[in-house]
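With these hints in hand, go ahead and build the complete structure from the sequences.
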Amino acid sequence: MTFDDSTPQPTPAADDVAPGAVADETMHALAFPRFGGPDVVSLVERPIPLPGPGQALVRVLSAGFGPWDVLEREGALAPFAEGAPVFPYVPGAEGAGTVVEVGVGVQKWREGDRVCGLLPLRSPKDGFHAQFVVVDADRLWPVPARLTLSQAAALPVDGGLAMHAVAVALAAGPGDAVLVFGASGGIGHMALQFARQRGARVLAVASGADGVALAERLGADMAIDGRRHALAPALRIFAPDGLDAALLTATITDAGAIVAALRPGGRIAWPHGVTPPPARDDIAVAAFGASAGALQVHAACRAAARSPFHLHIDARFPLADAAAAARAIGRHHLGRIVLDVP
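Counted the way full-length UniProt numbering counts, the sequence shown spans residues 1 to 342.
In case anyone wonders, no lab produced these hints; they're calculated from the structure. Built from N, CA and C at the ideal position, the CB exists for glycine as well. Among the clues, some could well be false.
[To be verified] Between beta-carbon pairs, the in silico distance windows are:
#, residue 1, residue 2, range
1, Ala232, Phe35, 36 to 44 Å
2, Ala209, Gly83, 43 to 51 Å
3, Leu295, Pro33, 27 to 35 Å
4, Arg217, Gly105, 42 to 50 Å
5, Gly112, Asp282, 50 to 58 Å
6, Gly54, Pro174, 35 to 43 Å
7, Pro142, Pro53, 15 to 23 Å
8, Gly265, Gly83, 16 to 24 Å
Structure, rendered in structure tokens:
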């Protein structure tokens, strides 16, 4: 596994991105007729959607795949969606590709623009796990020049959450001593880099020797394996006068040690789904979710365009093999997993 994403990105045929590329009336998409396990998902033929006013039609070339996709397939996110689920249901919250058509009133995008996009909980609108998707124009962003399409496909969800954590919830700044727990995961490895860009010092708690190596390559001032090394001694070495801020991207059994290491007036934050740490009256706490992250995707894209930044792709699977991607999500992996869309 190398630091540079040297795997070739999916390249569309010329007629995939040219005007009139949607002349074919159908496309391939992942879909499920009901909520359930991996067996409910199959590759089906669907009509190619048309963009309405303020929307763009995107030829998807790569799509992000994360834990939320598993929850969505199982129906766990249905109560939080904008409308009742409509089946067959095409998932996929994020992805990247090329604009092929725009609706009335769209001035920002033109055919051929390389974009990444985000579809928040959206039922009944179809998602990015398809060859074409319709996206509101203000939910698309230019692919950062430093990123491949596969990397850009995995930026909107975790990148937005990481940016909110670092810039808003923790307000990390020059000289701050910041801990990132889960620093080799999707949110964590981007938050580590955003914090370093803002001048903070970072103690990265990663998963496994490969996770530590990744955190070190991404610029962590100190990195430890959370599975093998005691946290309290590392905190004393890294920040003898106390931490300024801490981000928890996963539940930790000894979160009390992190809370105790924060200075008075320190900040601690975690995404929804992580068990809240113990309370302490003299620190600021913040839990955040997908809606907060969605507001920060533009800032994440701008930060990803700066040097240094690396979005780590651990594995890529064909669109038709979403079941393998789901299995990979449940195993040890670094960074993100994506689906290649033919």
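Checked hints:
1. With their beta carbons about 43 Å apart, Ala232 and Phe35 fall inside the hinted range of 36 to 44 Å.
2. Between Ala209 and Gly83 the beta carbon distance is about 45 Å. The supplied range of 43 to 51 Å therefore holds.
3. For Leu295 and Pro33, the hinted distance range of 27 to 35 Å is satisfied, since their beta carbons lie about 34 Å from each other.
4. For the pair Arg217 and Gly105, the beta carbons lie near 44 Å from each other, so the given range of 42 to 50 Å is met.
5. Judged by the Cβ atoms, the range 50 to 58 Å given for Gly112 and Asp282 holds: they are separated by roughly 54 Å.
6. The supplied range of 35 to 43 Å is met by Gly54 and Pro174, whose beta-carbon atoms lie about 40 Å from each other.
7. Judged by the Cβ atoms, the range 15 to 23 Å given for Pro142 and Pro53 holds: they are separated by roughly 22 Å.
8. A hinted range of 16 to 24 Å is violated for the C-beta pair Gly265 and Gly83, which are about 43 Å apart.
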